[in-house]
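A.B. asks: Chain residues, written in single-letter form:
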Amino acid sequence: MTDNSERRLGVYICYCGGNISDYVDVEKVADAVRNDPFVAAARTNMFTCSDAAQHDMITEIQEKKLDGIVIASCSPKLHLNTFKAMAERAGLNPYQYTQVNIREQCSWAHTHSKDAATEKAIRLVRAGIARTALMRPLNRLRVDTTPSVLVIGAGIAGLRSALALSDMGISVFIIEHEQQAGGMVGRLGKMFPNGKKGSDLINSLLNAVKRRENISLFTSARLVEKNGSVGKFSVKISTANGDIISLTVGAIIVTTGFTPYQPSETEFGFGLNGVLTLPEYADLLNHANGSLKFNCRDVNTVSFIYCVGSREHLKENNAHTYCSRYCCTAAVHAALQAAEVKPDIQQYHIFRDIRTYGKYEVLYEESLKRGSVFLRYEESDPPQVTSRDGKLQVTVKDHLTGGDEIEINTDLVVLVTGMTPTANSDLVNILKLPIGKDGFYNEIHPKLKPVETVIDGLFIAGTAQGPKTASESVASSMAAASKVAGLLLKGYIDLEPLVARVDASLCTWCGACEKACPYGAVQHLHCDGKEIAGIDPVLCKGEGGCVPVCPYNAIEVEGYTNKQITSMIDALAREVA
Amino acid sequence: MLKTNPAFAASVKTASNFNAAACINCGSCTALCPLGVDLHPRTLFRYVLIGAEEKLLENTSVIYSCLLCRMCEDNCPADVPIAENIRSLRSYINRTRFGLMKG
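In the order they appear, the protein sequences are chains A and B. What the first sequence shows, in the working numbering, is residues 272 to 848, in sequence order. What the second sequence shows, in the working numbering, is residues -15 to 87, in sequence order.
Calculated directly from the structure, the hints in this document are not laboratory data. Every residue, glycine too, gets a C-beta built ideally from N, C-alpha and C. Any given hint might turn out to be false.
[Unchecked claim] Taking lysine-lysine and the BS3-like style, the derived pairs with C-alpha atoms no more than 27 Å apart in a straight line are:
1) Lys39/B to Lys467/A
2) Lys39/B to Lys668/A
3) Lys718/A to Lys662/A
4) Lys(-13)/B to Lys564/A
5) Lys(-13)/B to Lys668/A
6) Lys507/A to Lys703/A
7) Lys662/A to Lys(-3)/B
8) Lys(-13)/B to Lys613/A
[What the hints assert, rightly or not] Label pairs and their in silico Cβ distance ranges:
9) Asp624/A to Arg54/B: 31 to 37 Å
10) Asn1/B to Gly629/A: 28 to 34 Å
11) Val633/A to Asn1/B: 28 to 34 Å
12) Thr657/A to Leu41/B: 23 to 29 Å
13) Ser45/B to Glu583/A: 43 to 49 Å
14) His716/A to Pro18/B: 58 to 64 Å
15) Gly20/B to Thr693/A: 55 to 61 Å
16) Gly20/B to His716/A: 56 to 62 Å
17) Lys564/A to Leu41/B: 28 to 34 Å
Excised from the complex, chain A in its bound form (with noise of 0.2 Å):
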């Protein structure tokens, strides 16, 4: 620890225009601290984050030789990295930069009262004081990272990823477990919205691949093993001969795809002749050749029910309560695909609510134009489907003539199946993915870090996420390659430096870190004879939960030592004069 008899520190306090001196005296602030041990300066701004404000700090940081700054402001979210840029251009360490915030957690929160406000901004101020006093200058982890990347599954959101890398210079490896690539739209023929066939896309795609020389596609192949973090993973690839190959990648991009829903036996008539899921429907359209028969009958009448295997309220666990999102238009899209083969047919449309939303909103106009009948049921008043002499009624109320009960006599029932998680223990168990609720893998924020996962350098792409069309899955997989490329272009990445240590001369390895580690940043280390935790600090994110389990105080996070966090406590609770 640094010695911090000789602190030249400078603390400046904010009036955010207002926003923090309507409730706090900041001038009262800075008189209260200016002259506190360690503090050389002590000053108030009327907006810390201007030009103006930052060049002074600057001039005054290099004029009284300044070793560390306090900034009392608003939330480090906001202002943070400002500020620690402003510290390295007066030639500080960032690291002997405290954020306090007085706005958000001070002035915002106690307008009821301006003394109050006053006095906690005061011991707060105190408290940054402390923690910058016993900083120490620290830098960045720098870590070289590998120009290529491993991409699990090589459906269209795999291989439209991988050629984005691959157009970027970045290398890339694909691995698909099944025999064959392109995955679930591989099997479709026409698809919304263009009507071009799910099967010719991805054999462009699959040539494109093929033309490219930084591109490795194996099929038949699954991931064994992971190690290493961000920027270099060490895995293994078993292939389809048994030959396990090694590889360093960069980052690694998971788009593994969906499992269509299978009804459960009976559930509305599934395993009756004539009961198809949506996409047995859709197979019998793409190979229908002019005509739509089905076990050599002409399918004069179709029925739909919709919303099955999706938004199910059930009280079991593995309920699927969420929209599968493609399934309304791609039951529209083939209605009308059906329409255009056999103009005369009769299509009755059994739903819920209707989400053809966004541009195919005209799919489901143009349907009812070319005579689709829509019926919508309550989920607690479900159709029936029956068979009688070889001929399947399904029997639904329609509010639409005031809850008369309506017979339909009809050759086919399609179940519109939504989509629901692959279970892939194995991978997960591999990559340490984080699963939802819901059964698909998780981002870290839908909106803010969409592709991202809790795991530096593993992203997540296409429906392995959650329910998508394809162009969604698309565009998600899109965004994937531009975070890989973000990340693996630069050559490096730089980590931040706060994270744990340990002291090897108080640990005896126990373990207990080990286990309290969510990012399996703690490794159990040889070291002279003894066995000790060390403390990768790449997979490290000083999140702290090792150190309060450890039983001989023999970890601490740098930047919140435990002598920080006490002198915090000490400078939070000393009385305000």
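Using the hints provided, position chain B relative to the given structure of chain A.
C.D. replies: Just chain B now, kept in the frame of chain A:
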């Protein structure tokens, strides 16, 4: 229990300009009808769309009591050709039930 007869829906639609796909079931037509008929045009058209022929024939007298004043049609927010649809239904009934307009 209403039984659907797809052939019925198809034959009404193909034999005439019957078109009620745009109907949004708002009920303006019923509210504006000067005759105050028991049956709503929207319900009548619904029977055709789902193919409930029996139900339509049960309401033959309603279909013929319409004045074709087009009050409903002028005010239909979805531009459904209501009066023309009523004429189509009459034509269907004339053909199939009364044996008129053969050939």
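A.B. asks: Each hint needs a verdict: does it hold in this structure or not?
C.D. replies: Evaluation of the provided hints:
no.: 1; hint: Lys39/B to Lys467/A; result: 42 Å, violated
no.: 2; hint: Lys39/B to Lys668/A; result: 15 Å, holds
no.: 3; hint: Lys718/A to Lys662/A; result: 48 Å, violated
no.: 4; hint: Lys(-13)/B to Lys564/A; result: 24 Å, holds
no.: 5; hint: Lys(-13)/B to Lys668/A; result: 12 Å, holds
no.: 6; hint: Lys507/A to Lys703/A; result: 15 Å, holds
no.: 7; hint: Lys662/A to Lys(-3)/B; result: 25 Å, holds
no.: 8; hint: Lys(-13)/B to Lys613/A; result: 23 Å, holds
no.: 9; hint: Asp624/A to Arg54/B: 31 to 37 Å; result: 34 Å, holds
no.: 10; hint: Asn1/B to Gly629/A: 28 to 34 Å; result: 32 Å, holds
no.: 11; hint: Val633/A to Asn1/B: 28 to 34 Å; result: 23 Å, violated
no.: 12; hint: Thr657/A to Leu41/B: 23 to 29 Å; result: 26 Å, holds
no.: 13; hint: Ser45/B to Glu583/A: 43 to 49 Å; result: 46 Å, holds
no.: 14; hint: His716/A to Pro18/B: 58 to 64 Å; result: 60 Å, holds
no.: 15; hint: Gly20/B to Thr693/A: 55 to 61 Å; result: 60 Å, holds
no.: 16; hint: Gly20/B to His716/A: 56 to 62 Å; result: 58 Å, holds
no.: 17; hint: Lys564/A to Leu41/B: 28 to 34 Å; result: 33 Å, holds
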